[in-house]
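Engineer: This is what each chain is made of:
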Amino acid sequence: MLAVGILLCYLLGIAVMLLISRKYSLAEWIGFSFLIGMGLETVFLFLFDIVGIKYSQGALIGVNLVAILGLLAANYKNLLAFKDEFKVPSFSYKDVNLAALAILCFAAYLFYAITVKNLFWPPADHDAIGSFDKLGKIMALEGKLKISLFQYNLEGAGGIYPPLFHGSFAYVYIFGAIIPKIATSLFFLSLLTSFYGLLRRYVDSTAASLFTLLLMITPELFSHAALSLGNLPTTAYVGPAALATILWLDKRDQKYFWIGAILMAFVIWVRSDTVVFTAAALLIVGVDFLRNKNWKELLSYGAIAVSPFIIWTLYVKLKLSSAQGARLNTAIGINGERLSLMGNYVKAFLFGGQYQATLPNGVHSQGIDGGQLFGIVFILFVVVLLVNLAFIFKNGVKEYFNKNFSVLAFTLGSFFLYFLVFYLIDEKAQNSPMYSLMESSFKRGLFCFVPLALFYCAASPASSWLFERIEKFRTGS
Amino acid sequence: MAKQQKQQPAAKPQQKKPAETQASGLGGFMLRNLAVLAGVLALYFVFNSLFSKERELSQLTEQFYAIRATNPQDPQLRNLYDRIMPLQAEVQGDTGFIKSITRGYNWAINDLAIANMKNLESVKEEIHRNGEDSTPQSLLQAKLKRKIGLYTFIEYIKANTPENAVILLPEGDAAVSNNGKWNFIYDPEWMEYFLYPRLCLAIGRENEHPDLAKRITHIVIIEAKGYDKLKYNVPLNQRPTEAVLPYNAPPPGMQTDSLTGQPQIQ
Chain A
1 MLAVGILLCY
11 LLGIAVMLLI
21 SRKYSLAEWI
31 GFSFLIGMGL
41 ETVFLFLFDI
51 VGIKYSQGAL
61 IGVNLVAILG
71 LLAANYKNLL
81 AFKDEFKVPS
91 FSYKDVNLAA
101 LAILCFAAYL
111 FYAITVKNLF
121 WPPADHDAIG
131 SFDKLGKIMA
141 LEGKLKISLF
151 QYNLEGAGGI
161 YPPLFHGSFA
171 YVYIFGAIIP
181 KIATSLFFLS
191 LLTSFYGLLR
201 RYVDSTAASL
211 FTLLLMITPE
221 LFSHAALSLG
231 NLPTTAYVGP
241 AALATILWLD
251 KRDQKYFWIG
261 AILMAFVIWV
271 RSDTVVFTAA
281 ALLIVGVDFL
291 RNKNWKELLS
301 YGAIAVSPFI
311 IWTLYVKLKL
321 SSAQGARLNT
331 AIGINGERLS
341 LMGNYVKAFL
351 FGGQYQATLP
361 NGVHSQGIDG
371 GQLFGIVFIL
381 FVVVLLVNLA
391 FIFKNGVKEY
401 FNKNFSVLAF
411 TLGSFFLYFL
421 VFYLIDEKAQ
431 NSPMYSLMES
441 SFKRGLFCFV
451 PLALFYCAAS
461 PASSWLFERI
471 EKFRTGS
Chain B
1 MAKQQKQQPA
11 AKPQQKKPAE
21 TQASGLGGFM
31 LRNLAVLAGV
41 LALYFVFNSL
51 FSKERELSQL
61 TEQFYAIRAT
71 NPQDPQLRNL
81 YDRIMPLQAE
91 VQGDTGFIKS
101 ITRGYNWAIN
111 DLAIANMKNL
121 ESVKEEIHRN
131 GEDSTPQSLL
141 QAKLKRKIGL
151 YTFIEYIKAN
161 TPENAVILLP
171 EGDAAVSNNG
181 KWNFIYDPEW
191 MEYFLYPRLC
201 LAIGRENEHP
211 DLAKRITHIV
221 IIEAKGYDKL
231 KYNVPLNQRP
241 TEAVLPYNAP
251 PPGMQTDSLT
261 GQPQIQ
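Note that the protein sequences, when read in sequence, are chains A and B. Note that this note's numbering has the first sequence beginning at 1, numbered continuously upward. Note that this note's numbering has the second sequence beginning at 1, numbered continuously upward.
In case anyone wonders, no lab produced these hints; they're calculated from the structure. Every value quoted in this text rests on a predicted model; they were computed, and no experiment measured them. Incorrect hints may appear among the rest.
One side of the interface only, derived from the structure: several residues of chain A facing chain B at Cβ under 10 Å [what the hints assert, rightly or not]:
| hint | residue |
| --- | --- |
| 1 | Leu98 |
| 2 | Leu110 |
| 3 | Ile114 |
| 4 | His126 |
| 5 | Lys137 |
| 6 | Gly156 |
| 7 | Tyr418 |
No residue lacks a Cβ here, since even glycine has one placed at the ideal position from N, Cα and C.
Given these sequences and hints, build the entire structure.
Structural biologist: Here it is, written out as structure tokens:
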């Protein structure tokens, strides 16, 4: 039955995608359909809880069939055109790209290896056992979102998180999974295929496959492909949501507007602190509004992207009755000591350095090694950013920023907000010292910036210049 | 006419070009493709050669532990140890910038992905040899035992408490929380995962679960600690270091003192 559950999830995503457009690449079909499908499955679980329907395979199959058939029926005319447009794919030897093929085969092998590991071991990470997997498992057993453990404060830290991640675990448990980690593997696959598909709109397959491989083997991210923590699924939504939005702003292909808005809504349906990415998305869409004065787009995007935050906040307050204490101390002012500590960690994360905090008792913290965690990703981003300055001289400032504003504004804007949120955290309320937060939560949250940084590196003028030459040589054009 | 004459030379090569490309293009195209592929492979080769010592160290260490597991007195161990130690120092001492920003990729590819596949095969074989994979549930338990050191004790707790039990867990003092043997036994949210539908709270954190503090039915004893919380006294000579005991009354068959702690008169 697990296969049926997963198939329904993909079909639901495909039905939504078809409603938006018929023209996607294979990678986009694979990536977006799962992200949208699983996001909607957790919306169903949420609605069942509100209405009081107990979770079961039958109820989920029923609602999925109604939703899929409803979406297809609403899209009937479009589907007829889709049928007429269908062509048997033609093949010419010029479609062969041996380098891209070799890179993708290697990536597929590594994906297989990490998936075998992921699916073999049951969840063992502290946060999965203490919260996410527990929530998913018991949701499936009790048939509701607000499980009995809430009344004894035993739900764990993830209890007040929006339900997409643990809801995805509940979904696979309902369909008979022994361990829920198939969801992690599918989120990882979706992240990689979406990234490849979106990047292909800018660069050739050699560059797209190379940067997708780099995304995949970013060491800390890759290790999470065999864990059951929420950071990788969060990245799977943040990356494609941001890139689709950027693509829409750049190329004005309306399907990416809807895909970007829907995925951005799910960004905040995974966890609430990702609101920094929603804010960054609204910033770039807002700047676009200043140019184009299109109210409809701004309001539609904003409403779709922000509504889950409001819905979940109301649910937490009214149904879970969870009194979330203020975790941020906005009256902190300028705290030089904290800024210096955070700055040292950020420097190590971004430039491949090592850093250990010295604790008040003179002992050193566990420390971090930025190179070991994120490899060349952020260093490459900075190098490419600097190299691209040359293109400002070549093409002019206006031309450069017209092409790169969205991706840079989103990446740098969300990073600034992300840093600010951590800076404002009240250590006492959070029950964790800042060095510990930097070495755990901040580190894992940086995953979300990896696809953005690599996308910029791949699609920026400097890389385009290089890869265009390689491609010209390869094709002999 | 002049115009026509000028156009002719330009038109001829345009007509021939597709035919020429078709005839000589495939070979050239493939050669150029192979050249780009060779570039990619060369990059990988350079990357891989950077970590030859790390791979050697990893192989020797694996060999060392394999021999030690079968025969701790094997004379080969000394030889391996003498090779491992200088190599380890060399690897750790190599802190060059390129190495430091690419080391993670070597770990991800060679250790996390490729080496793990081999390790999984040996774990699968071991589980199969022990007959632990007869049902999906027994297979899951076999894996949990290998991943979570405390799992056998958790199974014991489950077997000795009813499903409606409210269990008081040990305090997470330094001795317990720093001892990997106990995992997170002192964390009610973590233990709840395994003990559900039983409910948990921990000594010292009763105020976090006030409803449960009034309904305790069992206590988990580890390192002979927790007896002072029981509503009856267990003679010192009858105190197991690890157990789960009823909170209010002794289990059938246990000889107990009164609550005053006076020695029991036989």
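Engineer: Against this structure, judge whether each hint is valid.
Structural biologist: To see whether the hints hold, each was checked on the structure:
Using the Cβ-Cβ criterion of 10 Å, the hint placing Leu98(A) at the interface with chain B is satisfied: the shortest such distance is roughly 4 Å. With a cut of 10 Å, the hint placing Leu110(A) at the interface with chain B holds, because the nearest CB-to-CB distance is about 5 Å. Taken as an interface hint, Ile114(A) checks out: its beta carbon lies about 5 Å from the nearest beta carbon of chain B, inside 10 Å. Because the smallest distance between the Cβ of His126(A) and any Cβ of chain B comes to about 6 Å, under 10 Å, the interface hint for this residue holds.
Given the 10 Å rule on beta carbons, the hint for Lys137(A) holds: about 8 Å separates it from the nearest Cβ of chain B. A least Cβ separation of about 4 Å between Gly156(A) and chain B falls short of the 10 Å threshold, and the interface hint therefore holds. This hint is violated: Tyr418(A) has a C-beta 22 Å from the nearest C-beta of chain B, more than the 10 Å allowed.
Checked against the numbered hints above, the structure breaks only hint 7 and satisfies the rest.
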